[in-house]
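Protein sequences appear in the order of chains B and G. According to numbering that gives the first Met the number 0, the first sequence holds residues 0 to 181 in order. According to numbering that gives the first Met the number 0, the second sequence holds residues 0 to 409 in order.
Hints in this document: simulated from the structure, not taken from any laboratory. Treat the hints with care, since some could be wrong.
Said to hold, decoys possible - Covered by chain G, according to a simulated footprint, are these stretches of chain B (three or more residues, beta-carbon under 8 Å):
hint: 1; stretch: 31-39
hint: 2; stretch: 101-113
hint: 3; stretch: 148-157
As the list claims (entries may be wrong) - Heads up, simulated DMTMM-like pairs for lysine to aspartate or glutamate below, C-alpha to C-alpha not over 25 Å straight-line:
hint: 4; chain 1: G; residue 1: Lys-214; chain 2: B; residue 2: Asp-100
hint: 5; chain 1: G; residue 1: Lys-87; chain 2: G; residue 2: Asp-60
hint: 6; chain 1: G; residue 1: Lys-214; chain 2: B; residue 2: Glu-44
hint: 7; chain 1: G; residue 1: Lys-87; chain 2: B; residue 2: Asp-108
Just so you know, these numbers come straight off a predicted model, no measurement behind them. Where is the CB? At the ideal position from N, CA and C, for every residue including glycine.
Here is how the chains run, residue by residue.
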Amino acid sequence: MKMRFQLSKMMIVIILLFPAVKSGALGTEKPWWIGIYAGTCGFSENTGLPEAEYLSAGIFVEPLSVHVFNPALKCGVIFPIAHCRKEGVLFQFGGELTLIDIPASGLRDRFYAAMCISPAVGADYLVSTDFQSALFDVSISPLRFRAGDGVLTLCSLHVFIIESPGFEGWGLVLFEAALFLF
Amino acid sequence: MSKKRVSVMCLLVSLLFLSGSCTSSQHSPEDPAGGASAFPGVYCPDVSGLHFYFTGDSFLDKAEELIRDARQYILIDSFLVLDDERGKEVIDLLKAKMEENVGVYVITDSSSAYVQARSAVPYLIEQGIPVTEYNPIRGSRAARLPLFLYRDHRKFWLIDGKTVILGGQNIACHSLNSPEEFGHTDSMVEFRSTVAFRTLLRCYIREWNAYSMDKLRQQDFPVQTQPRGGTPLWLILQDCFQDPVIGEVFYRLMDKAEKEVWLVQSYTLPNREMLTRIRELSAKGISVNILYSSYNAYERFHYGPCYRMIDLIEAGANLWEYENPTSHLHYKAMIVDESWFTIGSANLNFRSCYLSKELNILFKGKKMGGAVLDHLETMKAHSRRITEKQALEYRGAKYLLYYLLLYLGG
Numbered sequence: 000m001k002m003r004f005q006l007s008k009m010m011i012v013i014i015l016l017f018p019a020v021k022s023g024a025l026g027t028e029k030p031w032w033i034g035i036y037a038g039t040c041g042f043s044e045n046t047g048l049p050e051a052e053y054l055s056a057g058i059f060v061e062p063l064s065v066h067v068f069n070p071a072l073k074c075g076v077i078f079p080i081a082h083c084r085k086e087g088v089l090f091q092f093g094g095e096l097t098l099i100d101i102p103a104s105g106l107r108d109r110f111y112a113a114m115c116i117s118p119a120v121g122a123d124y125l126v127s128t129d130f131q132s133a134l135f136d137v138s139i140s141p142l143r144f145r146a147g148d149g150v151l152t153l154c155s156l157h158v159f160i161i162e163s164p165g166f167e168g169w170g171l172v173l174f175e176a177a178l179f180l181f
Numbered sequence: 000m001s002k003k004r005v006s007v008m009c010l011l012v013s014l015l016f017l018s019g020s021c022t023s024s025q026h027s028p029e030d031p032a033g034g035a036s037a038f039p040g041v042y043c044p045d046v047s048g049l050h051f052y053f054t055g056d057s058f059l060d061k062a063e064e065l066i067r068d069a070r071q072y073i074l075i076d077s078f079l080v081l082d083d084e085r086g087k088e089v090i091d092l093l094k095a096k097m098e099e100n101v102g103v104y105v106i107t108d109s110s111s112a113y114v115q116a117r118s119a120v121p122y123l124i125e126q127g128i129p130v131t132e133y134n135p136i137r138g139s140r141a142a143r144l145p146l147f148l149y150r151d152h153r154k155f156w157l158i159d160g161k162t163v164i165l166g167g168q169n170i171a172c173h174s175l176n177s178p179e180e181f182g183h184t185d186s187m188v189e190f191r192s193t194v195a196f197r198t199l200l201r202c203y204i205r206e207w208n209a210y211s212m213d214k215l216r217q218q219d220f221p222v223q224t225q226p227r228g229g230t231p232l233w234l235i236l237q238d239c240f241q242d243p244v245i246g247e248v249f250y251r252l253m254d255k256a257e258k259e260v261w262l263v264q265s266y267t268l269p270n271r272e273m274l275t276r277i278r279e280l281s282a283k284g285i286s287v288n289i290l291y292s293s294y295n296a297y298e299r300f301h302y303g304p305c306y307r308m309i310d311l312i313e314a315g316a317n318l319w320e321y322e323n324p325t326s327h328l329h330y331k332a333m334i335v336d337e338s339w340f341t342i343g344s345a346n347l348n349f350r351s352c353y354l355s356k357e358l359n360i361l362f363k364g365k366k367m368g369g370a371v372l373d374h375l376e377t378m379k380a381h382s383r384r385i386t387e388k389q390a391l392e393y394r395g396a397k398y399l400l401y402y403l404l405l406y407l408g409g
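Make the full structure from the sequences, and use the hints.
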């Protein structure tokens with residue numbers, strides 16, 4: 000049972016990352032690869048994480064420039080700010096799959112840029128700094144807006160999954176800005 | 000647990016490697032007579048129809064003609080596109096052309112929003128013209144703060160797969176007015192070259208796609224093949240951080256000098272290496288001349304360069320001031336022995352060498368550069384020498400402050 004659960008988590012991560020393997024074959028010039036992200040988030044009590052407001056920050060890699068099933072990898076750190084505690088600091092390793100870029104022409108007048116609504120699903124491993132415990136979550140981000148050089152996410156829901164009963168709390172990323180640098 | 004972690008990390012690293020791609024070099028593989036690799040640029044052996052415009056009104060007339068005659072597409076990358084009379088005049092013409100199903104796209108640097116006149120981006124959007132800003136300076140992008148220094152200073156137009164225009168003129172009154180109406184004395188160069196067009200088209204689409212979600216595809220912009228056997232030139236394209244070629248081009252041109260060097264460079268802020276080169280050339284008896292502008296609409300563009308004038312004089316350079324009561328000398332060129340020429344957007348300063356995207360052409364030959372030489376003679380006739388005494392007066396705190404501001408800010 001435990002083995003099957005481990006495999007299913009691995010499968011989720013692999014499925015999310017699989018499109019990245021094709022990138023070399025696409026051969027298109029891609030202007031952006033690597034960026035940084037920063038966000039603010041919170042978690043429900045039953046995740047076992049200390050009660051606090053959290054910030055997240057890290058780097059991400061988006062190897063493809065495709066409008067459908069566009070994968071990204073990220074690694075960073077999540078840390079509590081209000082009620083700052085060392086045990087609340089977590090390393091974050093994850094993947095995100097932009098499902099589709101839907102042109103949002105109505106946003107052009109406000110943001111002076113052509114933007115898309117780009118909903119995504121994702122999965123993360125959150126690992127304690129002593130590497131003794133880890134959490135796994137899957138996420139859905141319906142309010143996600145992509146400009147050419149960045150992605151803004153509002154209210155992304157994260158669901159934490161454990162072996163039994165299968166669900167162990169939830170988290171909410173209130174706002175996350177991901178900006179390409181290179 | 001640790002084995003799994005290691006395997007996940009291995010998977011991530013493998014995916015990163017698998018997803019890698021290589022970037023193409025801008026250096027041309029062609030090397031006829033060993034000359035093409037003489038400069039770090041794209042060698043274009045197929046250039047024809049080279050024509051120069053030295054005033055805003057003459058370029059505006061040509062630009063209007065080219066817009067009216069366009070049948071397929073017009074791609075414009077302009078450092079500044081401003082919401083003023085001339086800016087709107089060009090934009091309205093572009094809009095009319097769009098209504099005839101001609102593809103029109105405009106890239107402008109985000110600096111347009113930080114000059115005294117208004118950026119034309121809202122007006123372009125209002126008119127329905129596709130526009131995108133390079134490296135937008137916005138609060139939401141504050142995490143990119145150090146990279147805000149990096150700007151796209153180029154000005155180039157690509158029309159219908161055949162005509163390239165590049166130089167120093169923005170889309171704004173200060174560029175497109177006549178010198179009598181306070182327009183800059185500046186340069187734009189028009190020519191045809193398949194190699195140059197393809198190179199710039201690739202850069203344009205890459206930059207557009209980096210900042211806009213309305214992605215462009217290269218195949219939607221056909222390029223006409225020009226007959227080979229035209230006159231050659233180098234396209235000096237500084238397109239990214241990793242390949243700063245502008246300084247190298249200035250130095251290599253100076254190395255070719257045997258008699259004299261003319262730098263038409265109002266924003267000259269020399270570094271130690273440049274001063275050393277000038278000192279070496281002067282020691283060999285080669286005359287190094289730098290032409291500045293006497294008229295400046297903005298103080299920083301006058302005071303900043305003035306601060307280093309005494310260093311240049313001490314290194315052996317002859318400094319001149321182009322005396323035009325209404326026109327700022329915005330023209331950026333280097334002319335060596337009346338036979339080597341480079342003209343475009345690049346200033347002789349740290350910003351242009353390392354912090355900005357720049358675009359120049361470089362070519363050899365009195366015949367090709369005849370118009371440039373004639374114009375240089377006209378400017379020389381209206382210039383006066385900057386004396387050592389005058390340069391020493393520019394060594395005050397005010398000049399130092401503006402020098403420091405201009406060094407990074409441009």
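Evaluation of the provided hints:
Judged by the Cβ-Cβ criterion of 8 Å, the stretch 31-39 of chain B is covered by chain G as claimed, because 3 of its residues qualify and three suffice. Coverage of the stretch 101-113 of chain B by chain G holds in this model, with 6 residues showing a Cβ closer than 8 Å to a Cβ of that chain against a need of three. Given a C-beta distance limit of less than 8 Å, the hint that chain G covers the stretch 148-157 of chain B holds, as 3 residues qualify and 3 suffice. Among the hinted pairs, Lys-214 of chain G with Asp-100 of chain B is consistent with the structure: their alpha-carbon atoms are about 11 Å apart, no more than 25 Å.
A distance of roughly 15 Å separates the Cα atoms of Lys-87 of chain G and Asp-60 of chain G; the hinted pair therefore holds under the 25 Å criterion. The hinted pair formed by Lys-214 of chain G and Glu-44 of chain B fails the criterion: a straight-line CA distance of about 44 Å is larger than 25 Å. With a C-alpha separation of about 18 Å, the suggested pairing of Lys-87 of chain G with Asp-108 of chain B holds against the 25 Å cut-off.
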